[in-house]
Amino acid sequence: MDRKLLSSLYSNYRKSTSFLRPLPDFIIVGAQKAGTTSLYDYLDQHANIRMSKPLKEVQYFSYDYHKGINWYRSNFPIKPLLRPEKTLIGEASPYYLFHPHSAKRIHESLPNAKIIAVLRDPTERAISHYFHELRHNTETKEIFEALKLEESRIAPELKRMINDENYESKIHQNLSYKSRGLYLTQLKKYFDLFDSKNILVINSNDLFSDPISTVRRVCQFLEVDDMVRNIDVSPKNVGSNKSKVSEDVYSYLNSFFRDENKKLFDFLGEDFGW
210 MDRKLLSSLY SNYRKSTSFL RPLPDFIIVG AQKAGTTSLY DYLDQHANIR
260 MSKPLKEVQY FSYDYHKGIN WYRSNFPIKP LLRPEKTLIG EASPYYLFHP
310 HSAKRIHESL PNAKIIAVLR DPTERAISHY FHELRHNTET KEIFEALKLE
360 ESRIAPELKR MINDENYESK IHQNLSYKSR GLYLTQLKKY FDLFDSKNIL
410 VINSNDLFSD PISTVRRVCQ FLEVDDMVRN IDVSPKNVGS NKSKVSEDVY
460 SYLNSFFRDE NKKLFDFLGE DFGW
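Position in the sequence shown (from 1) plus 209 gives the number in this note's numbering.
Hints in this document: simulated from the structure, not taken from any laboratory. The C-beta atom is built at its ideal place from N, Cα and C for all residues, glycine as well. Hints should not be assumed to be uniformly reliable.
As the list claims (entries may be wrong) - Simulated restraints, written as ranges between beta carbons of each label pair:
no., residue 1, residue 2, range
1, 436, 350, 45 to 55 Å
2, 254, 364, 21 to 31 Å
3, 351, 476, 26 to 36 Å
4, 220, 417, 15 to 25 Å
5, 393, 368, 42 to 52 Å
6, 457, 226, 53 to 63 Å
7, 464, 400, 19 to 29 Å
8, 407, 350, 37 to 47 Å
9, 401, 474, 18 to 28 Å
10, 457, 426, 28 to 38 Å
11, 262, 464, 35 to 45 Å
12, 469, 405, 12 to 22 Å
Using the sequences provided together with the hints, build the complete structure.
Next up, the structure:
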């Protein structure tokens with residue numbers, strides 16, 4: 210049978226059974242290039258957790274909001290088929306942390322959801338993000354030029370997004386190297402809406418260096434059994450571009466983020482060592 214036809218039939222089946230599919234109990238909201246794919250994969254191996262399928266990044270509360278809640282439900286498993294019965298449902302869409310409307314939308318649909326944010330050193334995150342866009346031909350500028358152009362590229366797009374909730378910007382999504390690393394402003398939207406006990410902020414250094422302990426911490430937060438001894442914790446989507454980046458770029462980014470990082474650590478009551 211034709212692959213496109215099979216895909217269409219499968220999609221229609223999931224949509225037609227959406228009323229049987231529960232909404233998620235928790236969401237990994239970001240950050241992009243911070244280990245969300247790895248955390249998604251680790252949690253998906255847990256006997257009491259089911260992550261979104263077939264999409265890892267559902268992105269409903271960002272650029273697919275117009276598709277409606279039944280489409281969103283179609284990305285999750287059918288409740289009567291869940292074994293064991295006490296199974297948590299989750300998804301991971303890293304644009305949710307940065308998108309101007311996602312926090313509000315999530316709270317409106319899932320006011321009791323647990324929120325997980327994985328934060329990476331914003332200098333390293335920005336560099337990784339730049340090379341990701343370069344590989345996908347969405348960026349054509351040299352790294353220093355792209356970083357310095359960011360404000361003029363992003364500002365008008367963000368203004369339009371704020372004024373028109375239906376407007377979605379690829380520029381805002383793809384070329385936001387520095388802006389995505391201003392974590393405190395983004396996190397505060399979630400802390401303003403959700404109970405702080407339902408928000409977990411993780412240092413990606415911990416996830417990368419000691420994934421087992423970090424997943425145990427997540428399991429405690431989600432109130433599921435610690436069953437992580439046998440999971441495959443090999444990292445996902447790993448790349449290194451350090452050899453391609455000058456010290457001037459690192460110096461520029463470290464200076465840009467220094468004060469913002471300190472404000473973040475003061476807010477969280479924890480120094481992440483960036």
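Hints, one by one, checked against the model:
| no. | hint | verdict |
| --- | --- | --- |
| 1 | 436 <-> 350: 45 to 55 Å | 46 Å, holds |
| 2 | 254 <-> 364: 21 to 31 Å | 41 Å, violated |
| 3 | 351 <-> 476: 26 to 36 Å | 34 Å, holds |
| 4 | 220 <-> 417: 15 to 25 Å | 35 Å, violated |
| 5 | 393 <-> 368: 42 to 52 Å | 21 Å, violated |
| 6 | 457 <-> 226: 53 to 63 Å | 55 Å, holds |
| 7 | 464 <-> 400: 19 to 29 Å | 27 Å, holds |
| 8 | 407 <-> 350: 37 to 47 Å | 40 Å, holds |
| 9 | 401 <-> 474: 18 to 28 Å | 19 Å, holds |
| 10 | 457 <-> 426: 28 to 38 Å | 37 Å, holds |
| 11 | 262 <-> 464: 35 to 45 Å | 42 Å, holds |
| 12 | 469 <-> 405: 12 to 22 Å | 20 Å, holds |
Of the hints listed earlier, those the structure fails to meet are numbers 2, 4 and 5, in rising order.
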